Amino acid sequence: MGKNKFKEIEGAEFGVDSRYTSKKKQLDDGKALMEARLQRMKNLSSDKIIKAKLLQLKLKMEEFIKEPIYQEENHFTKFLTSYIDAIYSKRIDFAKDIDIDANLLSKIVNNHRKPKEDFLLRLMIHSEKTYNNICHFHKKIWYQVYFQEKLSGLMANQDQWRPNVERHVKIKNLTSVDD
Amino acid sequence: MIVISSANGKEYKVEIEAVQANDYKSITKSRYFFDWKKEQSQEVYKIKIVGSSDILGLVSVERIPEEWRIHIRLITVSKENKGRDKEYENIAGNLITFISKIAVREYGELACVSLKPKGAIAQHYIDKFGMNITGMTLSVEIAEILELINTYDHDYGEK
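Residue numbers (the working numbering), protein chains in the order written: chain A, 1 to 179; chain B, 1 to 159.
Everything hinted at is true.
No more than 27 Å apart at the CA atoms, straight line, and that leaves these computed lysine-lysine pairs for DSS-like:
#: 1; chain 1: A; residue 1: Lys-42; chain 2: B; residue 2: Lys-128
#: 2; chain 1: B; residue 1: Lys-13; chain 2: A; residue 2: Lys-66
#: 3; chain 1: B; residue 1: Lys-38; chain 2: A; residue 2: Lys-24
#: 4; chain 1: A; residue 1: Lys-53; chain 2: A; residue 2: Lys-31
#: 5; chain 1: B; residue 1: Lys-128; chain 2: A; residue 2: Lys-53
#: 6; chain 1: A; residue 1: Lys-48; chain 2: B; residue 2: Lys-128
In silico negatives: residues of chain B with every beta carbon more than 10 Å from chain A:
#: 7; residue: Asn-22
#: 8; residue: Val-44
#: 9; residue: Lys-48
#: 10; residue: Ile-49
#: 11; residue: Ser-53
Since the hints were derived computationally from the structure, they do not count as laboratory data.
None of the values given here were measured: they were computed from a predicted structure.
For every residue, glycine included, the Cβ atom is placed at its ideal position computed from N, Cα and C.
Looking at chain A on its own, in the form it has when it is part of the complex (with noise of 0.2 Å):
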């Protein structure tokens, strides 16, 4: 689609007010637009889902980039899982595709074993090709969500394990700032 595609009407984009009048209206409009959303999306190619899926992925990794909230779930394999399953009907293919063993990716997956950095240097590379032909995807976004998941965690578990560290850290000769 290029940028002069379009033709412009003397000031139509001045402004609308779509609002709805009332409760009703809105879902009244909403089924009628379900249902021809619905026809629509039985003329949607699979290749147009994975796409839709692979960018819901990158927008969500880059949310949790920009604004990380430490969970109990793990979002790095979260985000991996999807990732998968977006592009492939067996995980064991794609253990194949970055020749890793089938049962270390189940471990990883399952947050049985932490990724190594040769598993995540391998999903840049992977990702990298795989989104070449969807869209712009950093090769940082997988190491970024990875550590800033560690990161998080590490410091809303503080209480945890804080004091068992300090006992063993302390300053020598510490010079205080008045002297």
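Chain A is already provided as a structure; the job is to place chain B on it using the hints.
This is chain B only, laid out in the frame that chain A set:
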């Protein structure tokens, strides 16, 4: 995302952010065509050139998650960007694309952005943004959204 100067064709990077409470002092009806103060309880976004505080356009939306849809309540460009003598091109397109990206992030392949313009304006939105028409409602769904992103979002566009 960029806007293009109508005067010299120069491109300017833009950013779109949530409107803050103190922004409403400068968002007047005479410059932005609607009483935006009434939208303060809604999700409202502003578009401006990076490094400038001047608001070029505004959009307010309502999320309807049960329908995987975001409905545009109000959308406008500033007075200087209306009509043939507008200062910058692409303001409304960028705002619609921005909302479409939120819809994709939230609803994936089911994403839908809707609005209800009237008369000739509706035809303009159909022609310019490839919108589908259902009764009086216009919408972009995933196929159109991917096109919009390709056209307007230079950070994300399809290669």
